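K.L.:
Below, each chain spelled out in residue letters.
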Amino acid sequence: MPSSTSSSPDGADERLQEQFDRTIARDQRVEPRDWMPDGYRKTLIRQIAQHAHSEIIGMQPEGDWITRAPSLRRKAILFAKVQDEAGHGLYLYSAAETLGADREDLVERLISGRQKYSSIFNYPTPTFADVGVIGWFVDGAAICNQVPLCRSSYGPYARAMVRVCKEESFHQRQGYELLMTMMRGTEEQRAMVQDAVDRWWWPSLMMFGPPDDDSPNSARSMAWRIKRHSNDELRQRFVDMTVPQAGKLGVTLPDPELRWNEERGRHDFGTPDFTELMRVIKGDGPCNAERIGRRRAAHEEGAWVREAAAAHAAKQARREEQEKEHAA
Amino acid sequence: MSGTNGQWPLYEIFVRSKRGLNHVHVGSLRAADDRMALTHARDLYTRRNEGVSIWAMRSDGIAASTPDEKDPFFEPSGDKIYRHPTFYDIPADVPHI
Numbered sequence: 001m002p003s004s005t006s007s008s009p010d011g012a013d014e015r016l017q018e019q020f021d022r023t024i025a026r027d028q029r030v031e032p033r034d035w036m037p038d039g040y041r042k043t044l045i046r047q048i049a050q051h052a053h054s055e056i057i058g059m060q061p062e063g064d065w066i067t068r069a070p071s072l073r074r075k076a077i078l079f080a081k082v083q084d085e086a087g088h089g090l091y092l093y094s095a096a097e098t099l100g101a102d103r104e105d106l107v108e109r110l111i112s113g114r115q116k117y118s119s120i121f122n123y124p125t126p127t128f129a130d131v132g133v134i135g136w137f138v139d140g141a142a143i144c145n146q147v148p149l150c151r152s153s154y155g156p157y158a159r160a161m162v163r164v165c166k167e168e169s170f171h172q173r174q175g176y177e178l179l180m181t182m183m184r185g186t187e188e189q190r191a192m193v194q195d196a197v198d199r200w201w202w203p204s205l206m207m208f209g210p211p212d213d214d215s216p217n218s219a220r221s222m223a224w225r226i227k228r229h230s231n232d233e234l235r236q237r238f239v240d241m242t243v244p245q246a247g248k249l250g251v252t253l254p255d256p257e258l259r260w261n262e263e264r265g266r267h268d269f270g271t272p273d274f275t276e277l278m279r280v281i282k283g284d285g286p287c288n289a290e291r292i293g294r295r296r297a298a299h300e301e302g303a304w305v306r307e308a309a310a311a312h313a314a315k316q317a318r319r320e321e322q323e324k325e326h327a328a
Numbered sequence: 001m002s003g004t005n006g007q008w009p010l011y012e013i014f015v016r017s018k019r020g021l022n023h024v025h026v027g028s029l030r031a032a033d034d035r036m037a038l039t040h041a042r043d044l045y046t047r048r049n050e051g052v053s054i055w056a057m058r059s060d061g062i063a064a065s066t067p068d069e070k071d072p073f074f075e076p077s078g079d080k081i082y083r084h085p086t087f088y089d090i091p092a093d094v095p096h097i
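Residue numbers (this note's numbering), protein chains in the order written: chain A, 1 to 328; chain B, 1 to 97.
What the hints contain is simulated information worked out from the structure, not anything from laboratory work. Note that the structure is predicted; figures quoted are calculated from it, not measured. Backbone N, C-alpha and C fix where the C-beta goes; we use that ideal spot for every residue, glycine too. Careful, some of the hints might be misleading.
Calculated lysine-lysine pairs in the DSBU-like style (CA-CA distance at most 35 Å, straight line) [as the list claims (entries may be wrong)]:
#1 A/324 / A/248
#2 A/116 / A/75
#3 A/315 / A/166
#4 A/324 / A/75
#5 A/166 / B/18
#6 A/75 / B/18
Using C-beta positions, here's what the derived DEER-type ranges look like [claimed, not checked]:
#7 B/61 / A/21: 31 to 37 Å
#8 A/245 / B/58: 31 to 37 Å
#9 A/28 / B/76: 48 to 54 Å
#10 B/18 / A/232: 53 to 59 Å
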């Protein structure tokens with residue numbers, strides 16, 4: 001549907017605000033052309049844009065392995081997975097557009113570094129085991145984050161998440177299967193898997209964001225039911241889900257504090273280095289410059305394709321117009 | 001043909017998931033022309049056999065009711081409860097009705 005950017009300032013129209021509050025309270029969905037508070041719209045645009053950017057940048061760490069995948073089977077799987085990430089980015093950009101965001105502007109904000117994407121994609125993928133661990137950890141963490149977002153209060157975002165979640169399960173399973181295959185291989189391959197696990201574990205835990213007492217926007221997002229669970233709750237779920245999988249696989253998670261807590265019925269685990277998270281988000285991760293540089297180059301080098309397609313469309317439209325005139 | 005500020009125009013995509021069902025709105029995308037909208041829609045919305053037919057339509061060609069006038073707009077149907085079968089009392093022992 002065409003989007004509308006018109007909205008009254010907060011509190012200016014109490015009736016609209018009440019209607020909006022009632023929609024949220026009844027757990028109904030807010031739809032694109034409904035009135036919504038400016039803060040809700042801005043928060044959503046920021047969150048959906050960052051989410052979209054993460055999917056698009058997320059194509060790169062694994063994309064590096066497409067030409068070097070060890071078999072045609074793995075290459076085809078990886079291709080399909082990276083193509084899915086592009087698709088997820090596009091679902092999300094469309095959702096952001098229903099809020100009045102401008103697509104070109106979003107791309108510009110990403111490649112100029114004004115809008116962020118998930119810190120996890122700023123880590124390198126030096127071995128093929130990284131492809132497996134990304135599927136297992138990073139897509140597993142994404143599932144923890146995204147399943148509750150399928151019930152997010154904003155309709156187009158929730159619907160995009162339903163589609164994404166259906167596809168994400170393939171991503172996680174192909175990663176785990178890849179790792180199982182490597183674990184059945186040589187000593188060297190097993191060491192490669194353990195090394196990748198050691199490098200990705202903590203950055204994966206950081207994906208859930210800062211701890212709850214240091215997450216300024218969380219409470220408001222939860223009140224608006226954009227988010228359903230706190231960062232720490234989702235992080236805990238991810239740990240509880242992953243520990244038995246690690247056991248089955250035969251790898252060790254690199255956390256000496258990790259242990260089952262009988263009383264809580266959940267795992268205790270160490271605290272990720274949140275100063276590292278902040279540093280990487282601010283731009284000082286191992287691959288930030290490379291990721292943005294490559295996205296910018298792809299955008300700039302693709303400009304002629306976009307222009308040619310637009311010129312072709314214009315020519316076709318003119319031709320159709322002329323044919324109609326002749327016929328008349 | 002391009003939309004505002006040189007961007008490709010926005011299209012709404014509708015997919016028929018199998019024969020016998022309606023086309024259903026699945027989302028939107030940007031494309032330079034109708035043909036590209038269809039091929040992009042195929043790549044974006046039917047990567048896993050989700051559809052047997054696709055409609056792509058320029059978003060600016062859709063006429064839509066506005067949420068602001070939702071109540072008055074749909075009011076004509078609100079008070080006509082006699083349009084529903086349950087409005088009519090029929091004895092329970094009358095068969096097939």
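K.L.:
Decide, hint by hint, whether the structure agrees.
P.N.:
Now the hints, each set against the structure:
1. A/324 / A/248: violated, 68 Å
2. A/116 / A/75: holds, 29 Å
3. A/315 / A/166: It is violated: about 40 Å lies between the C-alpha atoms, which goes past 35 Å.
4. A/324 / A/75: Since the Cα atoms of residue 324 of chain A and residue 75 of chain A sit roughly 48 Å apart, the hinted pair is violated (cutoff 35 Å).
5. A/166 / B/18: holds, 19 Å
6. A/75 / B/18: holds, 31 Å
7. B/61 / A/21: 31 to 37 Å: 34 Å Cβ-Cβ, so the 31 to 37 Å window holds.
8. A/245 / B/58: 31 to 37 Å: Between residue 245 of chain A and residue 58 of chain B, where Cβ atoms are some 47 Å apart, the hint is violated.
9. A/28 / B/76: 48 to 54 Å: Distance hint for residue 28 of chain A, residue 76 of chain B is violated at roughly 23 Å.
10. B/18 / A/232: 53 to 59 Å: violated, 43 Å
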